[in-house]
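Asker: Please build the complete structure, drawing on both the sequences and the hints.
There are 2 protein chains.
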Amino acid sequence: MNKAIPEPVTKLVEAFSRLPGVGPKSASRLTYFLLRAPDDVALTLADALRDLKANTRFCSVCHNITVDDPCPVCSDSMRDQRTIMVVEEPLDVLAIERTGSYKGVYHVLHGVISPVNGVGPDDLKLRELGPRVEKGDILEVIIATNPSYEGDATCMFIEREVLRNTGVKVTRLARGLPVGSDIEYADAVTLTRALQGRSTL
Amino acid sequence: MNKAIPEPVTKLVEAFSRLPGVGPKSASRLTYFLLRAPDDVALTLADALRDLKANTRFCSVCHNITVDDPCPVCSDSMRDQRTIMVVEEPLDVLAIERTGSYKGVYHVLHGVISPVNGVGPDDLKLRELGPRVEKGDILEVIIATNPSYEGDATCMFIEREVLRNTGVKVTRLARGLPVGSDIEYADAVTLTRALQGRSTL
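From first to last, the protein sequence lines are chains B and Y. Going left to right, the first sequence walks through residues 38 to 238 as the working numbering numbers them. Going left to right, the second sequence walks through residues 38 to 238 as the working numbering numbers them.
Don't read these hints as lab results, they were simulated from the structure. Mixed in with the good hints, there may be bad ones.
Pairs count within a copy or across copies, as identical chains cannot be separated in the list.
[What the hints assert, rightly or not] Cross-link-like lysine-lysine pairs, in silico, DSSO-like; alpha carbons within 30 Å at most: (1) K48 <-> K172; (2) K62 <-> K162; (3) K206 <-> K62; (4) K48 <-> K140; (5) K140 <-> K62; (6) K162 <-> K48; (7) K48 <-> K90.
Please read all numbers here as calculations on a predicted model, not as lab measurements.
Answerer: This is the structure in structure tokens:
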């Protein structure tokens, strides 16, 4: 290793480089920025990182990220607990919440079925959906996986395998969403349209 | 704040957003990546951040970032301690070291004179250079500020104000560097050329 680089600098550059979208150059930039910035910028970040790991868990009902279990959405009596929206990621929940058009609850899969990446149904929170629907007197399941190949395959799996014998109404977001895109980047209006135009499977 | 976002998540997104080049979208991406990644990715980063602030200081001789004071370069008897290269930032030291063409020592200013940004000579490690040159039996000072307006102004200030009465030979990197660019992004060959073609002021 280069003598001119102290070990703490190297280590932080390496730690930053492990983040997605951060290359060695950006990692150096961030590190040297923090060296000059007031102490609390680095220390606040360090505390927030520890806090994230120490104080968050997955909701035992919807599997979204939460501090309290069950999460505020699942324990909110003002929300429609008989409509479940199935999403891939916690970020998708945020996107839907931003529209203000949805008053039901969620089910976060934490991924999609993707044989290419070695992700099968059992790597996701898929099997949990069936018992939840049967037990909870659910009226409708809205499938809001991304409009991609994997999202479609996951949607089909949910309909045919997971919810087959439950008799629940299964819908999915309208194809107002451009195919191949990502739900979390959709604007609120498009997302609202897609929600309003959802079609029965 | 949105009920669907737990506080530790919001806090980490905010902490990431304070870093240069990280917007709210990237900050969310990084946060949700860390939620799913193994614990040690976030914890290693947290430790590295604390370590950076706890275990680094500025070398009392050259003002570069270091664990030990004086730094390994300043205390290396194999290096030419009678040639000083003046650079703006620690990242510039790394760029010069990568060329392998320089065997002297450094003087890190930690910025450039920039009236627009309210940075004057006393905000930098500029005044320290004069006594260091007088005391240290220095043969040559190579000014390696960026080839920009502020870099040129700082170079001129060093020559006319700081080193005026020292009688030391003052040189600067050749204008092989494209004007307006940044030293830390120059490739090693260009930087070597600029070092070889340095001109007497």
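Asker: The structure should be examined with respect to each hint, and the outcome stated for every one.
Answerer: These are the hints, each one checked on the structure:
no., hint, in the structure
1, K48 <-> K172, "neither (50 Å within a copy, 35 Å between copies)"
2, K62 <-> K162, "between (37 Å within a copy, 25 Å between copies)"
3, K206 <-> K62, "neither (51 Å within a copy, 34 Å between copies)"
4, K48 <-> K140, "between (45 Å within a copy, 26 Å between copies)"
5, K140 <-> K62, "between (44 Å within a copy, 24 Å between copies)"
6, K162 <-> K48, "between (35 Å within a copy, 26 Å between copies)"
7, K48 <-> K90, "both (20 Å within a copy, 12 Å between copies)"
Of the hints listed earlier, those the structure fails to meet are numbers 1 and 3, in rising order.
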